[in-house]
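4 protein chains.
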Amino acid sequence: MRKKINVGLIGYGFMGRTHSNAYCKVNHFFDLPYEPVLHVVCGLEEDKAKAFADQWGYRSYTTDWRKVIEDDEIDLVDICVPNNVHAEIAMAAAKAGKAILCEKPLALNGKQAREMVEVVEKAGVPNLVSFNYRRVPAVTLAKQLIDEGRLGRIFHYRANFLQDWTISAQVPQGGMATWRLDVKAAGSGVTGDLLAHCIDTAMWHNGHIKSVCAMTETFVKERMHAETGKVEKVGIDDACMFMCRFENGSLGNFESTRYARGHKALYTFEINGEHASIAWDLHDLHRLSYFDHRDDSIVRGWRSIHVTDADMPYMDKWWVPGLQIGYEHSFVHQIADFLENLAKGKPTSPTFSEALETQLVCDAVLSSAKKGAWEEISYR
Amino acid sequence: MRKKINVGLIGYGFMGRTHSNAYCKVNHFFDLPYEPVLHVVCGLEEDKAKAFADQWGYRSYTTDWRKVIEDDEIDLVDICVPNNVHAEIAMAAAKAGKAILCEKPLALNGKQAREMVEVVEKAGVPNLVSFNYRRVPAVTLAKQLIDEGRLGRIFHYRANFLQDWTISAQVPQGGMATWRLDVKAAGSGVTGDLLAHCIDTAMWHNGHIKSVCAMTETFVKERMHAETGKVEKVGIDDACMFMCRFENGSLGNFESTRYARGHKALYTFEINGEHASIAWDLHDLHRLSYFDHRDDSIVRGWRSIHVTDADMPYMDKWWVPGLQIGYEHSFVHQIADFLENLAKGKPTSPTFSEALETQLVCDAVLSSAKKGAWEEISYR
Amino acid sequence: MRKKINVGLIGYGFMGRTHSNAYCKVNHFFDLPYEPVLHVVCGLEEDKAKAFADQWGYRSYTTDWRKVIEDDEIDLVDICVPNNVHAEIAMAAAKAGKAILCEKPLALNGKQAREMVEVVEKAGVPNLVSFNYRRVPAVTLAKQLIDEGRLGRIFHYRANFLQDWTISAQVPQGGMATWRLDVKAAGSGVTGDLLAHCIDTAMWHNGHIKSVCAMTETFVKERMHAETGKVEKVGIDDACMFMCRFENGSLGNFESTRYARGHKALYTFEINGEHASIAWDLHDLHRLSYFDHRDDSIVRGWRSIHVTDADMPYMDKWWVPGLQIGYEHSFVHQIADFLENLAKGKPTSPTFSEALETQLVCDAVLSSAKKGAWEEISYR
Amino acid sequence: MRKKINVGLIGYGFMGRTHSNAYCKVNHFFDLPYEPVLHVVCGLEEDKAKAFADQWGYRSYTTDWRKVIEDDEIDLVDICVPNNVHAEIAMAAAKAGKAILCEKPLALNGKQAREMVEVVEKAGVPNLVSFNYRRVPAVTLAKQLIDEGRLGRIFHYRANFLQDWTISAQVPQGGMATWRLDVKAAGSGVTGDLLAHCIDTAMWHNGHIKSVCAMTETFVKERMHAETGKVEKVGIDDACMFMCRFENGSLGNFESTRYARGHKALYTFEINGEHASIAWDLHDLHRLSYFDHRDDSIVRGWRSIHVTDADMPYMDKWWVPGLQIGYEHSFVHQIADFLENLAKGKPTSPTFSEALETQLVCDAVLSSAKKGAWEEISYR
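Protein chains in written order, with this note's numbering: chain A, 2 to 381; chain B, 2 to 381; chain C, 2 to 381; chain D, 2 to 381.
Just so you know, the hints here were simulated from the structure itself, not pulled from any lab data.
These numbers were taken from a predicted model, which means no experiment stands behind them.
It cannot be assumed that every hint is accurate.
Given that identical chains are not distinguished, each listed pair holds provided it fits within a single copy or across any two copies.
Unchecked claim - Using 27 Å as the maximum straight-line C-alpha spacing, the simulated DSSO-like pairs for lysine-lysine come out as follows:
(1) K265 <-> K123
(2) K211 <-> K234
(3) K345 <-> K372
(4) K51 <-> K318
(5) K211 <-> K231
(6) K371 <-> K347
(7) K372 <-> K211
(8) K347 <-> K372
(9) K68 <-> K211
(10) K222 <-> K372
(11) K4 <-> K49
(12) K371 <-> K211
(13) K96 <-> K345
(14) K211 <-> K222
(15) K144 <-> K371
(16) K49 <-> K318
(17) K123 <-> K318
(18) K51 <-> K68
(19) K222 <-> K185
(20) K5 <-> K51
(21) K372 <-> K185
(22) K68 <-> K231
(23) K123 <-> K51
(24) K318 <-> K68
(25) K265 <-> K144
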């Protein structure tokens, strides 16, 4: 018999939808000790919160996130609001003893993130940050192949996250749809929004980044603010790239931009090892490319692995071989793992503590870009 | 306010899962006049039916499909059982005034399908056959491009459906997992299972097939029957290919097999028109390939369209550009359209009547292969 | 010390160029006992023959092919003229004791081809038909993989040759550039021009074709004749497809057309075996796709083999790994093998005798299409 | 009537072969005022020089490059030797009034390159550096599309050159086959060998690079020297990456390594503009990828342009649409342009002067990597 776990969702935007969908689906596909119940959704505008609750089957809605925290029936607080509000909500939830799922990036900066880590750890509540791409089956498979030692010594890690949706200077900043362009809400631009994903995956795959050297650019210097209607200076980074050294001696090259015409959400990574290499991209997320130098030379080539068979990570839960899953499933896997571990009293990666490390790299990247110099990273 | 519509699902196999998932998701993403309620699931084995009901949230379960039909609370009967049982259930459901969603192929043969059409049309009940691939957004987009006249006169239609799961002679026939290899349950092999999909899409895209010339093969002649444990002659076609002429003068080439090593569910089609061509495959179902000869010659090439933007068919309901959906979503779209049309009193394609035409082509294909000669098709 | 071998080239069209280029290059890359000398080129128009001789370095030119045959200094006669003239020239050359390289298809039909085989075999002269695609390294590699038994039992062979250059009704028939559309010069349309290549490769890879069932179509029924200026009925097949059975029990599906918008010269084949599959296409001729089911399941996928390393067929002669060769190189390999075998007194495949078999399949295909029925093929 | 131009080739290695092949082929395909004559080849080992002369048809050979310079019959000196010998030979050739084709990179460093430029410009001799990839038709097409303004404002330029041939620590340094690993012969590692190509193309496409920030790594610290047999410290960079700013405000990201398992010679670039983007890779050099945002949104996607039609750069000289050329052809195009311009008295890009600029960027890259800081580049 599954135990009910009451969810309070804060934020009804894009991420609110992906998380709600995950809660609704997870028990249909995974055999779990817990069953999430959509207890309450919270958002700033009452009519929107109500409509969201109706569409997704939340029992109630509110416009005050503190009510979610104060509600004794709530077991799990799910934070899907802009980055600048993560800390306050998460720390309040922790103090109230709630389990927490927080959207990425964890915080506006490392200092804030560190404070959050301290609070959740002191409270001893289960905590997870939604770096969902780790749980795309092909990405999880990459981790498995690395852990099995198939690649041997790693020489290179390369990751890009390319988009093209802000090329027009007419795109505003701020507001519900475009808060990611407003430095006050987002903290940074592509660094926190996109590179944070790349960094999370990279350190999971390849260990700590030791030092970075970055550059950033803001191509469109001023944009209208959606809330004030005024043209304001743009404070975020439109593009950011950095070179780095990992602790294992490999070299990294990371780049993100929202000015790469033709790419909507092209997160790619490639890992080159002594024996084998791996490549993946989000536009065809159900495939993993793999090259193994130990193959017979006359049949050696990049393999396009269609990650749909039942022996692939998570894929025994879904359909039959050849039938692909999509973007949303990474969130289902995240919830499934979280609920599974909750029952076992085990942490689920990436915890707040691990997300803090990603934040520290982001901070170093932004600082390096500002100074135009290399920056060492301390994870202490 | 959405009106509830009570669903009785008959069959808890692979298709039962895809349909249940669609019922659960559809109102979260589509704004519809109806909301399906999972009322009852029916299957042969009680413990499995019970487990299925529990997993998906069906209010009840039964092992007797007649009880589903007789239940006055049921509005919609959903038939997800082996092909040889479609007719009896569907006709009983029609006579009981239920809306019907039936898995493909509609029947064991054209004669049976015609009888079913007559019964549902006499009963005047809404009816839909689950040729779900029509509603993969890229496939729907292909239809739109053809209807807009972008291809001009069509010369060629080519479709394959390649699998590799029955190459081993150890795979049994019959039973829950492998009834598709048992001619008594399936009626035919790849023709009804796989080519029926290709034919449905092709006639939707390109009009009636006028005549066919086919060949079939059964590579593994005997297999153990999963129910009897005895080695029995295999009655199905392992592979089937046919050439055809469409009424619009274009030529068709269709092939299906379960002996194409390396392909799990590789449904592909390509359409060559005077001005433009289109190609698609199920292994990367979120892409459509398009070539337009009217492009400037120096930038002319096959375009790989990542069908994820909001102006693509159905895609305004899902995520953001660049984030792909998967196989299961075609079933959600199917239910969404069915519910939408139900409210409007409009039929939803493909109806039983349209599926009969696909059945007639399948019959002609099998008959042609048997005779080794061309066969004309009459849709009267 | 290399021995000189004097070449008489008959025909200065597209194929005359590919062969001349091969003669010029072969000794720069292959270590051979013979060195071809461009002795004479023959063509219908004197000024063009002269210009061709000048451009390629032929010592002389003529407009009378009989002079080439009669010239005692000529060792090798190379026939690059339209199909309807192959027989007369080849038989005269054989009788004059010349080695012969003849463009494909060997003849207008099997009867003529058989006569040619008898004459060359009686004369005992070295003879080779230019089915050059066999010697694209990736295609040769495919043969090697099959011969090594990597695929196991073969179930399917599929080949297409798709073009789009005759879609416009304004393209004329006949004359130097478009004789391939004139049935008198070409004998047939896509069957002899394109499917002959597919059949040659298929029988080399997979053994004899036992029976065929074909259909043809002529989409544009009348075209102006380039020589007469008159609109004349088109006698060739614009499109042809056929199903077949190979002697080894596998099934074949072949299709060719000049009405596949977007494809210039898309010769593709795919072979499905019990253990492994192979696929190739001419638009990226330096790659071979290979899938091996015996790979570890979690890293199993289609491999894209970049056929450029030195252990690949012919590739030790060219550049360095990663640097691709192109279309023209298949002709260089053909000449290299021919010269190598000449010195050893060994035949070079495909001989006239093997090309006769391809011709017999073409005949059966055209006959089957005409009758609308299956046709058995006798190679006696 | 073509005028003869006597070529003296210095260096019979890999590049000596590509250049010789180009001289042999160029007049067969291009209608030019000049015809190169293979007059003399020069190399260190007499037997190899003799064999090379025999294989390629050079009239004579020598082991003393000064004899080539002193020979009054020589019109063009072609320098295909290791980088450390370029300067001396080129300057001597210039002083002797010869036209010069020099392999890339021009020199060991900017200082040396500048001296070479001064000498050739003072001598007024035609001079060209063999950055051959500019003349791959797809790369030339990219330039054409940029110049036509199709991309609009450029935001990003990204280029990689990835290889995997030196991963084994057993590969020696120095000697004929591996001089590229010997810092004394090569000057640098991947920077001069591979990134120089990327930089040349990038500045041709996108204008001057203003500043760079680089990192380098030497993964294998010691290797046996092929000439001395002793294990010596490796002085070259095994991997190098750099970030940069172009004068037009766009950002660049460049990376090269010989430790990217699975890539033999994977030179790739991608250019993101306001309206359109372009991508290319050397492993499929006959294709250009192009995305144009101005396409109708429902048929918008990356186009794979098969650069084989006659209206593509250089392609009217080769075969027919759909039939690809290979690596070697870029050298033929280079010679064709050089000879064409020679007759017109026009310089051919990239001249020594343009190659100096590439050298200055390489110097800045290496210097930046050493200092771990940004470096401004002055082209004065």
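Violating hint indices (sorted, rising): Per hint list: 1, 3, 5, 6, 8, 9, 15, 17, 22, 23, 24 violated.
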